[in-house]
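Undergrad: Numbering (the UniProt record's numbering), first residue to last: 1 to 1260.
FYI, nobody ran anything at the bench for these hints, they're computed from the structure.
Glycine residues also receive a C-beta, built at the ideal position from the N, C-alpha and C atoms.
Treat each hint with caution, since some may be false.
[Stated by the list, open to error] Result set (BS3-like, lysine-lysine): computed pairs, CA atoms no more than 25 Å apart in a straight line:
(1) Lys974 / Lys1051
(2) Lys666 / Lys714
(3) Lys743 / Lys974
(4) Lys128 / Lys109
(5) Lys109 / Lys40
(6) Lys262 / Lys306
(7) Lys947 / Lys237
(8) Lys1064 / Lys967
(9) Lys1212 / Lys237
(10) Lys1064 / Lys1212
(11) Lys30 / Lys237
(12) Lys764 / Lys736
(13) Lys1243 / Lys975
(14) Lys320 / Lys529
(15) Lys258 / Lys237
[As the list claims (entries may be wrong)] For each label pair, taking beta carbons as the anchor points, the in silico distance ranges come out as:
(16) Glu487 / Glu259: 27 to 37 Å
(17) Pro780 / Glu1133: 44 to 54 Å
(18) Pro780 / Gly955: 31 to 41 Å
(19) Gly871 / Gly955: 38 to 48 Å
(20) Lys1031 / Leu956: 23 to 33 Å
(21) Arg231 / Phe1130: 49 to 59 Å
(22) Thr834 / Cys909: 30 to 40 Å
(23) Ala913 / Asn1148: 58 to 68 Å
(24) Asn958 / Lys1031: 50 to 60 Å
(25) Ala913 / Thr519: 51 to 61 Å
(26) Asn1148 / Asp725: 22 to 32 Å
(27) Thr519 / Asp733: 24 to 34 Å
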Amino acid sequence: MEEPRSERAVRGTILRQLVCPVHGVHIVCKVTQSGANGPKTELRTVPLAWVNEIGQLGIGKDAPRKAVHGWSVLRAPGASSRRHVFSVLAYRVNSGKAGQTWTEPLQLKHGMYVGLFGGGMGTRKRSKTAFVERVKVRFSHFEIAFEETLPEYRRINVHNLSRHLDPPLRWVRHPQLIVDDLPSDLNNIEVEIGVESASGAGIRWGGRSLPCRVPSGVSSRFECPLCPVLRSVGVGKVEIRWLSPKAPRALCFNVRFKETDKTEWKSVVEGGFGLIATDFVAWQSRWIPLTQGLRVSAFGDFDGRKASAPATAVIVSIDKHTLDVEFEPSIDQFYFGSLSDGDASPVSSVGQPPVQAVPFEWVEAVWARDGTRGVPLRNHADHNALLSVDEARPMRYSVRLEGEQSPLSGVQADSCWAGHADASLTYPIEPGSQHCMSVHVSAVTVQGLRTQVRHDFCVRVLTEDGWTNWSPPNSFMVPRIEYHQEELVEERQGNAFYKADLLPLALFKDHARCLETITRSLDGERLEKLQKLLQRSVLTGKHYDHEKSRLIVDMQGPIRTGLRKPAETLVEIRDLVSRRASLNHRDQATGRTPLTYACEYNAPPLLIEGLLTCRADIDSANDLRRTGLCIAASGGHSRIIASLLAHRADPTLVSLQRETALMCCKTDPKIFPDLALRMVECRRLLVAERVPWETFEAIVESTSDLGVQEKAGKIISIIFPGGTDKMFVQNPDGSKRIARHDKLRLWEQICDCGSNDEMNRRGKLCADLMLPQIHAAASPDTKSENCSRLGRYLLLSGVAGFCLSELHVAAGSILESIEHKLIELRSSLTSLMTLQPNRAESIHGIAKRWQIFNGRPLHQWHAHGNLPWLGEHNMIGAFEALVGSTAIVDVESFCTWVGELNARLNAGCSKPALGTWDERLPDLFWGDVYTRFLLGEAQRAAPLFHKVAEHLISGLDNITYKAAPNKAYQRVVKKQADYASSALLVLHEALDLMPGKFSCALRADLDGRLIPGTSSSPEGAILVISYYSPKSSLSAAVQITRAAASDPSRKAPVLVFLLASNSKCMSALSAAAAAREELRQVGADAVALQPQFPTVIRKVLTTALADAWMQFKPDAVWTDSTSTEFRTTFTSEDRLVMFELRKCRTGNTDDLMCAGGLLDMVRGSIVCETEEDIIEVYRRAMDLCAESDKVEVVRVKNGFHTPGAGGYCDLKLFLLLAADAGKDTVYHIGELQVHLNSFLHMKRFSHLPYVIDRGDFDQD
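Based on the sequences and whatever the hints tell you, model everything.
TA: Here is the structure:
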């Protein structure tokens, strides 16, 4: 790379001042205009450009005038004073055979008549006549005769120089010219400057200057800086620090870098970017330390805002974030003609006070003391450095800056450098001793570096004798994108339940002690950071006193002790509320609220009314999501139910046990007679406003002859008499449910009907009603909103469970018909199918350098990095991470979430044991915490993602963007199994969903780690899990299998399950006959192979288990040998909970992060009209770079090349967000869908059958 040179100042003498004819000359005219009181004459100043005609001097205003086509401004010959220095000449063009020529010029003088156009003089359609009074000229530049290059030590005051010029000038600005960056081969130069005339006569060159010697070469007298010290400060950002001697004085620095495996160096220029020599002006790569007295080009403060143009200033003082600079006044305008000398006064070009404090960012250039131009180097200061002997190399010294704990990495000074830096240094330095010297420490930050790539950096310095050599390079691997992780704190155990106090305290909703535990564990800086984040909840909402809130629901509190004195109790509660107690506070391990507590203990209606009057949430619920209405119904408290219903309590809410208030009100004949009577009254109240089943059945029967759309409209009008605007609402977890306006409450009508036969009859009736509605809702020909609404209502009411196979057949049929139409649309495409030649999916950019994580090339782990708190199960670290990601906003929300986890463990029990510690809670917490963390990260990333997407289509016509809501929690926890490791899926099926069939599992890939089963029965088989690759041996699996098979006490077979190491090994796995035989020889009773589709793992396990038992006991009868599926009674919620628990029990902490395989938690859609629009969006997106744009495409899925399920085609761009702006730092991967409008029109018909087909409404 050609090395940039320092500019040398070439000075000369001003011969004359020149002007720009159009912008620099004005004329003062006498203009006469008619008015109400007669003609009026006034003086006006107009630009020369407004003069379009000119007449002869003294002829009169009626004489003919000539059109003006051009102007020339010349210095009057022989002029010796400032007056009448210039002649302003007018030209016109004559056209002839020889072409266009200029006529003789006519000088503009006092007394001439001119014709004027333009604003201020009237309309532009006709000319005004004016009389020339005088000419007004503004200087624009100088004609300079260059003579010599002045030595650095000589200074010539500009005012002294001006007195020697002819004519003498009163004000002169910058009587010098700086020639930047002369080529290295020019050792002597001569300068010649020309002026181009406005007349078009070409350039008039002045005289040639005297020869000027240009210093060149590299200084060999002084040592270069030490090799730089490097550290990462952001995505693709590296801070470069270097040490240089204080003498000789450093004028400026150059910093350069290159990728280690490449040869081309790049210079660090203004802004911290790296550019090759041909892409920038050399002065932009010169970093000049800011010191007092240097001249800078800076923007001033103009009326409280940044000025529009920079001006020259001198640094007065330097503060931490600002500079005090003194702006220099400049002469912009001079007057000639009849003006007096007093009229020609200088005007400041800055227009503000001369001394100002300006930010560093407002300085655009700085000049060193030798005239070298460069960019400001902010970080440059004196520092003490401690030199100590390197024991391995006695003549080399390690360097440590005073105040730092360890020596500078990769930096060593030799005796020569140390001697130049400090002449007082004596040799040798004794081992074990240190020498302190004062040095300059400078730093710049370079950005845009490729992550996970090694770079070399070096520095050099310009002194008064020239440039030094480049410093020895220092190599640095730019780290991958990931969050900075704090060191894990040591947690204390002061309880009998768990290794850390925070989890049990959160379960029992002890907010104060939770905060105390966190405060005790964190140091000052981390605690202060966490407290600032927790303040968000205080600033964004009303802050409550937790202790006073707990008192309301305490066993010794007013509700429990004051049931017989409701009036006095209500007064006490109101007093607590006035002192910031919350009536919606969830307390204790049950998560009870004041209202649910009052309903549980059958409080008097007066107390219930009082709580509601004080704004208690009428639908507040405990951890099991049982509302006060549910609790009152289960206790037979009819008076409370009547009061709650009068205040519009919602009877449609469903608890975690899938029960409404009516379903909680059970009429068991074994209960006491008086309780049975109360239950009957409660049920009467709860169904009072409900449409009876008989009415609904009669309406369905009466509409059998109507069309599908008419039937849907009539039935909906009965179910929702208030209209269809609010048929569905969103749950707190993001899932949809039926709104409270439902008058039919179909879920109750089906499930709470008294017998299974009646339930099946009602379910079948609704199923027959639903299937035609689904067809009509998804048909492009009969698309009906009412059919869609009724179909979704029936699905959310659980009707799918009564026609599951027929429903999936119908959905598949609809999708197939839509697929045919999409295929026709695709056949008309011309270019989108080859957007990525020969492939539908590809990894791009930074993702090509990523390692595989948990079997996946793309995972949210690649964005956020390692999470030590997750792998080490550190509660304090988890709390910090959840708060930082906004997944929780305060201690109260954390405790509420822990309580809900405990309730999920008990939801499947007939008598849930709320209020007690469940030993499975820690595993469920760690199984669920990463999902919560990711959802919080998605919430933070969404605004930035949508902003990037909108910017991507800016300026493009007929292209729209729609931000989609983030993926809901319920959808994430169901979808995460699709991204789980093969070992996790096998363990979940074998040990959780096939209870008793396997006693344990042994993982050969984890050194034989034992994974206990849910059943301790010794009759269960032993499962050995191993990964297979043609290039690796099965020695671990063989050894573990042999040990398990040779155990004389075993009572069950050994089954080996081989998994493919990666997708490329799947085909080799099916042909692994030798591996199977080897395992059988060492004692395996059966060997199962990983199936291609995870959904058939259960079938593979069942078949292999039957073979294993037959091999282990040939004479035994295997009753399950013909079964393809074990019958279980697990509900979908049971399976979700068991999967979360299993994630924590596989022996591999990476399995805790299977939810990170979802890359569409943040998403949005761009809709284009043409193929060219999609191609342009694709081109723009592929130009993004994470290191410089903070966003980059990491994967492309071209559905136009290979359509997705159902034949739909779109373009999916997976964007890595890498914003590292301090507290707003967020690293996340989101999905940007690019649709073609013609395809999107068809997609809206396929959505309902699509969600049916993927199993969203499958019930157990």
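Undergrad: Please go over all the hints and tell whether each is borne out by the structure.
TA: A quick look at each hint next to the structure:
{"no.": "1", "hint": "Lys974 / Lys1051", "verdict": "violated, 36 Å"}
{"no.": "2", "hint": "Lys666 / Lys714", "verdict": "violated, 33 Å"}
{"no.": "3", "hint": "Lys743 / Lys974", "verdict": "violated, 30 Å"}
{"no.": "4", "hint": "Lys128 / Lys109", "verdict": "holds, 18 Å"}
{"no.": "5", "hint": "Lys109 / Lys40", "verdict": "holds, 23 Å"}
{"no.": "6", "hint": "Lys262 / Lys306", "verdict": "violated, 42 Å"}
{"no.": "7", "hint": "Lys947 / Lys237", "verdict": "holds, 23 Å"}
{"no.": "8", "hint": "Lys1064 / Lys967", "verdict": "violated, 31 Å"}
{"no.": "9", "hint": "Lys1212 / Lys237", "verdict": "violated, 29 Å"}
{"no.": "10", "hint": "Lys1064 / Lys1212", "verdict": "holds, 24 Å"}
{"no.": "11", "hint": "Lys30 / Lys237", "verdict": "violated, 65 Å"}
{"no.": "12", "hint": "Lys764 / Lys736", "verdict": "holds, 24 Å"}
{"no.": "13", "hint": "Lys1243 / Lys975", "verdict": "holds, 21 Å"}
{"no.": "14", "hint": "Lys320 / Lys529", "verdict": "holds, 23 Å"}
{"no.": "15", "hint": "Lys258 / Lys237", "verdict": "holds, 14 Å"}
{"no.": "16", "hint": "Glu487 / Glu259: 27 to 37 Å", "verdict": "holds, 32 Å"}
{"no.": "17", "hint": "Pro780 / Glu1133: 44 to 54 Å", "verdict": "violated, 36 Å"}
{"no.": "18", "hint": "Pro780 / Gly955: 31 to 41 Å", "verdict": "holds, 34 Å"}
{"no.": "19", "hint": "Gly871 / Gly955: 38 to 48 Å", "verdict": "holds, 46 Å"}
{"no.": "20", "hint": "Lys1031 / Leu956: 23 to 33 Å", "verdict": "violated, 49 Å"}
{"no.": "21", "hint": "Arg231 / Phe1130: 49 to 59 Å", "verdict": "holds, 52 Å"}
{"no.": "22", "hint": "Thr834 / Cys909: 30 to 40 Å", "verdict": "violated, 58 Å"}
{"no.": "23", "hint": "Ala913 / Asn1148: 58 to 68 Å", "verdict": "violated, 31 Å"}
{"no.": "24", "hint": "Asn958 / Lys1031: 50 to 60 Å", "verdict": "holds, 52 Å"}
{"no.": "25", "hint": "Ala913 / Thr519: 51 to 61 Å", "verdict": "violated, 32 Å"}
{"no.": "26", "hint": "Asn1148 / Asp725: 22 to 32 Å", "verdict": "violated, 49 Å"}
{"no.": "27", "hint": "Thr519 / Asp733: 24 to 34 Å", "verdict": "holds, 31 Å"}
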